[in-house]
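Participant: Going line by line, the protein sequences match chains A and B.
Letter by letter, the first sequence follows residues 1 to 221 of my numbering.
Letter by letter, the second sequence follows residues 1 to 221 of my numbering.
Honestly, I wouldn't trust all of these hints.
When chains are identical, the list treats them as one kind, so a pair holds in a single copy or across two.
As the list claims (entries may be wrong) - Calculated pairs, SDA-like style, for lysine to any residue (alpha carbon to alpha carbon, straight line, at most 25 angstroms):
no.: 1; residue 1: 132; residue 2: 193
no.: 2; residue 1: 168; residue 2: 36
no.: 3; residue 1: 168; residue 2: 197
no.: 4; residue 1: 127; residue 2: 9
no.: 5; residue 1: 150; residue 2: 115
no.: 6; residue 1: 127; residue 2: 177
no.: 7; residue 1: 150; residue 2: 19
no.: 8; residue 1: 150; residue 2: 60
no.: 9; residue 1: 122; residue 2: 190
no.: 10; residue 1: 165; residue 2: 117
no.: 11; residue 1: 122; residue 2: 214
no.: 12; residue 1: 127; residue 2: 172
no.: 13; residue 1: 168; residue 2: 80
no.: 14; residue 1: 132; residue 2: 177
no.: 15; residue 1: 165; residue 2: 48
no.: 16; residue 1: 165; residue 2: 136
no.: 17; residue 1: 33; residue 2: 201
no.: 18; residue 1: 165; residue 2: 4
no.: 19; residue 1: 132; residue 2: 87
no.: 20; residue 1: 33; residue 2: 48
no.: 21; residue 1: 33; residue 2: 175
no.: 22; residue 1: 33; residue 2: 89
no.: 23; residue 1: 168; residue 2: 204
no.: 24; residue 1: 165; residue 2: 142
no.: 25; residue 1: 122; residue 2: 103
no.: 26; residue 1: 122; residue 2: 22
no.: 27; residue 1: 33; residue 2: 160
no.: 28; residue 1: 165; residue 2: 206
Simulated from the structure, these hints should not be mistaken for lab results.
Number of protein chains: 2
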Amino acid sequence: MTNSFPITDRNRVRRRSQRGDYDRETVEAILDKARVCHVGFSVDERPYVIPTIHARVEDTLYLHGSTANRMMNTLAAGGPACVTATLIDGLVLARSAFHHSMEYRSVVVFGTARAVTEHDEKLEALKQVVEKIMPGRWEDTRRPNDAEMKSTLVIAISIEEASAKIRKGGVTDEEEDYALQHWAGVVPLSLQPQEAVPDSQLAADVEVPTYVQEWIRSQQA
Amino acid sequence: MTNSFPITDRNRVRRRSQRGDYDRETVEAILDKARVCHVGFSVDERPYVIPTIHARVEDTLYLHGSTANRMMNTLAAGGPACVTATLIDGLVLARSAFHHSMEYRSVVVFGTARAVTEHDEKLEALKQVVEKIMPGRWEDTRRPNDAEMKSTLVIAISIEEASAKIRKGGVTDEEEDYALQHWAGVVPLSLQPQEAVPDSQLAADVEVPTYVQEWIRSQQA
Chain A
1 MTNSFPITDR
11 NRVRRRSQRG
21 DYDRETVEAI
31 LDKARVCHVG
41 FSVDERPYVI
51 PTIHARVEDT
61 LYLHGSTANR
71 MMNTLAAGGP
81 ACVTATLIDG
91 LVLARSAFHH
101 SMEYRSVVVF
111 GTARAVTEHD
121 EKLEALKQVV
131 EKIMPGRWED
141 TRRPNDAEMK
151 STLVIAISIE
161 EASAKIRKGG
171 VTDEEEDYAL
181 QHWAGVVPLS
191 LQPQEAVPDS
201 QLAADVEVPT
211 YVQEWIRSQQ
221 A
Chain B
1 MTNSFPITDR
11 NRVRRRSQRG
21 DYDRETVEAI
31 LDKARVCHVG
41 FSVDERPYVI
51 PTIHARVEDT
61 LYLHGSTANR
71 MMNTLAAGGP
81 ACVTATLIDG
91 LVLARSAFHH
101 SMEYRSVVVF
111 GTARAVTEHD
121 EKLEALKQVV
131 EKIMPGRWED
141 TRRPNDAEMK
151 STLVIAISIE
161 EASAKIRKGG
171 VTDEEEDYAL
181 QHWAGVVPLS
191 LQPQEAVPDS
201 QLAADVEVPT
211 YVQEWIRSQQ
221 A
């Protein structure tokens, strides 16, 4: 396994290519941090984009959903898929309207989807989805039973091509605009957790687990 | 104008349809709050999903980009487009692995794209994009000049069909699982701003504008 994804006609970052990044570690870090991805697929030659939870294991993205879900069934049929994950990092307020922008990190993945039918791989994928939602959670849940396994479709998308695009570094303005008296700068943004809210039916003596509290603290800006 | 989008075969929320919402106000509120959208389009019958900034004016979504941008040029050619915006509201930790989920609000829009060539509509769209990034900002920037207008492609997507999907209300578990001693609840998530960071080249006497400070305060959880 090399440390970069191949640059192809499909994943090459065309615009502002200095922002393009094919480094495997960069791509994987963005995929792993993003809470959801947006999956693109086609039905009757029309594009659809649906948000869903993903989990990455090495070069494979796993998605899950109901066996009655159209997106999942379309992917299971094995067509080409595009999966995009985006982290929003800030608002860029330049002196010129033209240079207003966002700071962000995004990854676009192209791959071929397949349904995961083998029991152990399917269970492992579901474990990774739960662990993606909250690290440490799998050991603290009731595992899927046979009926739940049967009603869940798991899709694996091999990451054949991927590229990251990162916009950071704050404001860029035209040379002659730096003398203008407009304020310019960045408003940082990040997805922040608040304190955990117990289910109303939870027994009073069940406390928020340490792994949940630690995760919340680890995310706080 | 009616207060709901028509329910068609394309925008009908199929899975867990009790979560589907075609109410115009609901759809618009999600589109307006989302900082970015994910645009789906097809090139050579392959799906692509790209994040970008959007602004909504009544039943039209405006996107902007370079005249050299492939997505923008593909949309300008007038094919069908799908635009999806997602707000992440929380992590749902159920007692069972199966019922782990996210709280979210998402909108899927289907429409036909066109390039905006008329000067006034194009300038107004760019104003709305800047105002979407930061309300009150347009009056406090250097407006686009002719060269900038020429190098910018603005796309309008008429919102022909749209549906929202909202997952809220916390944990759902199977009846027999409520007796389990696993903690269950929601970890709320929201995109939070931090204090504004001035551009390193900003004169020391230019303070963060009131409209920026007020927006930051208005977003804080």
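Participant: Checking against the hints above, which ones are violated?
Facilitator: Of the numbered hints, 4, 9, 10, 11, 13, 16, 17, 21, 24, 26 and 28 do not hold.
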